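Engineer: Spelled out from the first residue to the last, the chains are:
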Amino acid sequence: MLTADDIAARLDEYLETEFSFIRSDELAPLILALTPAEQAFMLDWTQRIASTNTEIAHQFVRRAPQVLKAQEPRVIEAWALHAMDVYDRAGLRAALEVIQDVERFVRHSHARSAGALFDEVSGVLLHFVHGLAGRPLKLALSDTAWTDSETIHLPALLAQLPTGAENFRLYKALAVMQWAQIHHGTLRSALTADFAVWPDAARAQRIYALLETLRLEAVIARALPGLGREMQQLQPEYVAALPAAWQAAARQLQGAHSTPAASLALLPALYHAALPPPRLWQVELYLQEVAACMQTRMAREKLLLRVRLAQWLEEQRNKAPTDGAPPRLTVREAADDAPPGDAFELTLNDAPVAPPEAVAQLLTSIRLDLGEIPDEYLVPAGPGEYDPALYTEPADDPDAVWQGTYHERGASYYNEWDHGRQHYRKNWCVMRERDVTPVYDGFVAATLQRHSGLVAHLRRSFEAMRDEERLLKRQVYGDGVDIDALVEALADAHDGSEMSDRLFTRLHRVERDIAVAFMVDMSGSTRGWINEAEREALLLLCEALEALGDRYAIYGFSGVTRKRCELYRIKRFDEPYGAEVRARISGVRAQDYTRMGFAIRHLTQLLNETGARTRLLITLSDGKPDDYSDYRGVYGIEDTRRALLEARRSGIHPFCITIDEHGPEYLPHMYGAVNYTLVNEVRQLPFKVAEIYRRLTA
Amino acid sequence: MAEITPEEHYITEEPYYEPSGSEVAMFEAAWHNRLPLLLKGPTGCGKTRFMEYMAWRLKRPLITVSCHDDLTASDLVGRYLVKGGETVWVDGPLARAVRAGAICYLDEIVEARKDTMVVIHPLADDRRVLPMEKLGLLLQAGPEFCLAVSYNPGYQSVLKDLKQSTRQRFVALEFDYPTAELEARIVAAESGIDAALAATLVKFAHMTRNLKGNGLEEGASTRLLVHAGKLIASNVPPVTACAGAIAQALTDEPEMLAAINELSASLF
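Residue numbers (this note's numbering), protein chains in the order written: chain A, 1 to 698; chain B, 1 to 268.
Okay, derived cross-link-like pairs now, DSBU-like style, lysine-lysine, Cα gap no bigger than 30 Å in a straight line:
#	chain 1	residue 1	chain 2	residue 2
1	B	K203	A	K138
2	B	K212	B	K163
3	A	K138	B	K212
4	A	K563	A	K138
5	A	K426	A	K563
6	B	K230	B	K212
7	B	K114	B	K163
8	A	K473	B	K114
9	B	K114	B	K134
10	A	K302	A	K138
11	B	K134	A	K473
12	A	K473	B	K83
13	B	K230	B	K40
14	B	K59	B	K40
15	B	K212	A	K302
Read the hints as simulated data drawn from the structure, not as lab findings.
Please read these numbers as outputs of a predicted model, since none were measured by experiment.
Could you build all of it, start to finish, from the sequences and the hints given here?
Structural biologist: As structure tokens, then:
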């Protein structure tokens, strides 16, 4: 049993009360009133939260005992983790709001358990809308459901309906409704319609949107009958409950050949009627956004189409030279009942032609915007009309991250393990790959010359490990006859003993199928002769590996805080070893700190993409993981250990080569007892690394 | 079926084949001029069926070899075997086809080992001979012999690409999925489902083909549609049939599977 003093002492320690105004003797009674199991639970979580921020932990202690009376511990855990996630993302004030407004969290978590989350369904939905015909659409998160004709916007959480499955169906209905708006003319007609002639333009537009939903429902039910049925089940009695005027409108709009024009024509009749409640899958119309998006796209696509047509015609001309008459391109519209995909046909000098995929996609997209392909779009671009710079986004300068010009664009995010919290910090590290600037100096030549004997030796010993075609003898089947075996077998047969059937030779290829990623410490502590030794080691290693033929990549890692985790590309898996790579090895320079988790996680991903049977991750390091402020000591070691565990779980063999003589104190904990080697003499590093690799993979 | 040798594999009944262009005339012209043929196209779009149809039309036996990554030159040309204490030469399928004046169809040629290609080179140009190294013989092909290979350019692997020296020996016929209308007719005829259902299946196939490059390597082939159609004709509900015969055949990825199943559930 804990006494009030015990609890107060623990709280003093966790909340660092001596540096603050927090009074642990006021807090202790709150916890003392709980059962022993609950006390332990509270103290454990207080400690975990305090490792992130003491003020959040303080507020947690104040609020949680009361919440614990009404909620299960599971909910409290989720609440605490959510608060810490919010702290990571948005800072202290937002996190304290989460702690204070626990009721809202509980309400939301209930919605979460029965609702569908955008994050969870977006993967499936994205494939789903790609499967539907037309322009390839994107998905994005927004407060309401609306589309700008390129991106489908959906809310983060749908919980209107009682079960998760139904809420997922509603997501699907919202996405398909937006697709239908693009595909069946709703947006195009809305842009040309003049809603301003009505006294209240917004109301007119709203009525149009409601009417279009009725019309598109029927279109969807015809094109995708299964989905149509699902949607009806979600909200079955809707149309029947509408006022009479709206019911009549619905009947009219849901006929087989109705168009957006029909919806516009119904506006006068319904303008003064009361608005019905919106359909579950009512999608908002934001015409300004649509117009802006369409305008840029149409200008871009018109030029792109004309350029692509010019390129394509040029190719055609090269294949089959014509008499020099200018090519005549026309688009023939197919009949109304033609199946999708054949909706139009491109003809060149009156003969139907199949344009390349890129042109066909542009034609489809333009037809969606304009309803047809105007003739001026089919005029191939003349020389000099196309400036690609206008249509490609400028590449980000990685150094601009600190100048505030852009933040996390082009970066990948990785989770990091927070030891104190016993939980991941989500998307904590912002990782970028950068190229090492190649340095063409005398380093490569000098090193190779100094170690020429060693290089030759390494090449020989590595060549011996290469996969090769081996002639297998005494096989049951094969390409050739094994004469030795045959002679023996004949002798056996004369003897009267049984004759072997293993009489053939066969070529068999033994494949190594190994991919290895080398992760090189480029932290500031390697400055000087360690860096020198690392570079030499890498160079010799590459020479040896080239003889072996294993796939390999070399990346350097370094970082300053979680916002600037950097992996320096020295050699990618698919890059040949040549002058450029050598110059990059020569250009390896000591950078900042040693944050390791993100590097392991990223290389794990790269290694797994190679699909090799054996995957190795070898770290060259000079000390403990360490980064400015937060990545010191236990935290860094535990995150690195986690990352290595994740790697091992995905089938990678991690190994560490260190020159830190204190390595044996922490490396077994991170890599396992046998998965590291200590190289005492830095000068030996170049000899050792290749040798260790040979031993590992022989 | 009774056992027959490959040389006796004449196709006596007309296989069901719907031409989608001039491929029949091209093949015949190439055959008369003793030119070898290269059939390009995605999997399951009718290349093998086309070969059967042409073999029936030209009244030649059809010897098909499905190439795999362990297929060696001797698997095609022939090898010595040991029988009763003596070595006996046994012809491989390619040598048998040359001797019998048959049509030899090497399916998925890029899958075979690199050394296999070299064997077919002299056979695929105007020499039309098959060198049989181990016998020290050259086998001259007669006028009826025809070599056809197939190849799927969709695989984006550098290892599985035809070398120029190989591809420039062949007359190429390009195959693609038939037009929607024709494909629906094929699916209906092959599986016995009605035209409306076949058209819906084809629509579903187009949806999966839209996903090519967005997470799928290939869309659903005509062959898969026929499989699904046959299941439906045997009273399997359409959504279940599509999940089993098409979605699971296309991918293992859970999100993609879910999306494809949602697409088929939307259509039926």
